[in-house]
Amino acid sequence: MNEFTSWDVLRNLLLSVPWTLALSGIAFTGGSILGVAFLVLRIWRPNSAGRLVVGYVQLFQGTPLLMQLFLTYFGLALFGLETTPLAAATICLSAYSAAYLTETWHGCVRSIPRGQWDASASLALSLHEQLRYVIFPQALRLSIPPTVGLMVQIIKNTSLASIIGFIELTRTGQIITNITYDPFFVYGIVAIIYFVICASCSMWGRSLERKYAFRH
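At position 202 of the sequence shown the residue is numbered 202 (our numbering), and the sequence of numbers has no breaks.
Some hints here could point you the wrong way.
Mimicking SDA-like on lysine to any residue, the simulated pairs with C-alpha atoms at most 25 Å apart in a straight line are [unchecked claim]: (1) K156 to R45; (2) K211 to A139; (3) K156 to R110; (4) K156 to N47; (5) K156 to F79; (6) K211 to R110; (7) K211 to G107; (8) K211 to V134; (9) K211 to T177; (10) K156 to Q138; (11) K156 to L65; (12) K211 to N178; (13) K211 to P145; (14) K156 to R51; (15) K211 to S32; (16) K156 to D8; (17) K211 to P137; (18) K211 to S143; (19) K156 to L208; (20) K211 to T90; (21) K156 to Q61; (22) K156 to Y133; (23) K156 to L41; (24) K156 to V57; (25) K156 to I33; (26) K211 to I167; (27) K211 to Q61; (28) K156 to N178; (29) K156 to V36; (30) K156 to V134; (31) K156 to P137; (32) K156 to V40; (33) K156 to G107.
In case anyone wonders, no lab produced these hints; they're calculated from the structure.
Full structure from sequences and hints, please.
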């Protein structure tokens with residue numbers, strides 16, 4: 001493989017893993033913050049702000065993430081805002097994550113039996129107190145499996161950031177392939193690394209699910 005040994009390939013790919021994890025973490029954190037805010041708006045003002053949130057969710061769920069990345073990266077430049085691949089990927093993936101997390105968590109909240117809402121209302125709790133002390137703690141447990149699933153999806157979707165020039169695991173694999181001319185080996189290692197990361201997240205999610213499962 002030219003001047004690149006197998007160890008050189010593996011070492012360079014592993015050096016790019018922190019960037020993939022960092023982008024995934026930032027996108028998930030930003031998406032979670034926005035997701036909670038959108039969820040509260042959707043519950044608190046279903047006929048006004050809630051409709052805007054629904055439109056936002058449908059927009060991001062109904063368009064390809066790759067197109068969203070292009071529009072974010074090149075669209076910001078049209079407004080005179082200089083951006084970097086990292087900034088554009090962070091903004092886009094956070095907004096994308098927020099849409100899916102909002103919809104997922106809203107479904108978990110809606111799955112809480114109506115009796116829980118009525119019982120908390122009978123205690124003269126405000127909507128804020130109902131959500132904080134009664135509804136959200138139960139919905140949080142229900143949301144663990146789908147939330148971890150979305151986290152895994154976000155990690156895999158960071159590979160699309162390579163299209164706009166952000167150097168993470170997939171982009172590093174592309175660069176190394178252009179040097180070694182051995183795409184099967186390089187991308188095989190990339191796939192294994194993604195699998196290890198995603199499988200670890202899934203196992204962590206299952207342990208959380210068992211830990212916080214409802215006791216019948």
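Okay, the hints, checked on the actual structure:
{"no.": "1", "hint": "K156 to R45", "in the structure": "violated, 34 Å"}
{"no.": "2", "hint": "K211 to A139", "in the structure": "holds, 15 Å"}
{"no.": "3", "hint": "K156 to R110", "in the structure": "violated, 28 Å"}
{"no.": "4", "hint": "K156 to N47", "in the structure": "violated, 35 Å"}
{"no.": "5", "hint": "K156 to F79", "in the structure": "violated, 30 Å"}
{"no.": "6", "hint": "K211 to R110", "in the structure": "holds, 23 Å"}
{"no.": "7", "hint": "K211 to G107", "in the structure": "holds, 22 Å"}
{"no.": "8", "hint": "K211 to V134", "in the structure": "holds, 19 Å"}
{"no.": "9", "hint": "K211 to T177", "in the structure": "violated, 43 Å"}
{"no.": "10", "hint": "K156 to Q138", "in the structure": "violated, 29 Å"}
{"no.": "11", "hint": "K156 to L65", "in the structure": "holds, 12 Å"}
{"no.": "12", "hint": "K211 to N178", "in the structure": "violated, 46 Å"}
{"no.": "13", "hint": "K211 to P145", "in the structure": "holds, 12 Å"}
{"no.": "14", "hint": "K156 to R51", "in the structure": "violated, 30 Å"}
{"no.": "15", "hint": "K211 to S32", "in the structure": "holds, 22 Å"}
{"no.": "16", "hint": "K156 to D8", "in the structure": "holds, 23 Å"}
{"no.": "17", "hint": "K211 to P137", "in the structure": "holds, 14 Å"}
{"no.": "18", "hint": "K211 to S143", "in the structure": "holds, 13 Å"}
{"no.": "19", "hint": "K156 to L208", "in the structure": "holds, 21 Å"}
{"no.": "20", "hint": "K211 to T90", "in the structure": "violated, 31 Å"}
{"no.": "21", "hint": "K156 to Q61", "in the structure": "holds, 16 Å"}
{"no.": "22", "hint": "K156 to Y133", "in the structure": "violated, 34 Å"}
{"no.": "23", "hint": "K156 to L41", "in the structure": "violated, 29 Å"}
{"no.": "24", "hint": "K156 to V57", "in the structure": "holds, 20 Å"}
{"no.": "25", "hint": "K156 to I33", "in the structure": "holds, 21 Å"}
{"no.": "26", "hint": "K211 to I167", "in the structure": "violated, 37 Å"}
{"no.": "27", "hint": "K211 to Q61", "in the structure": "violated, 31 Å"}
{"no.": "28", "hint": "K156 to N178", "in the structure": "holds, 22 Å"}
{"no.": "29", "hint": "K156 to V36", "in the structure": "holds, 23 Å"}
{"no.": "30", "hint": "K156 to V134", "in the structure": "violated, 34 Å"}
{"no.": "31", "hint": "K156 to P137", "in the structure": "violated, 29 Å"}
{"no.": "32", "hint": "K156 to V40", "in the structure": "violated, 28 Å"}
{"no.": "33", "hint": "K156 to G107", "in the structure": "holds, 23 Å"}
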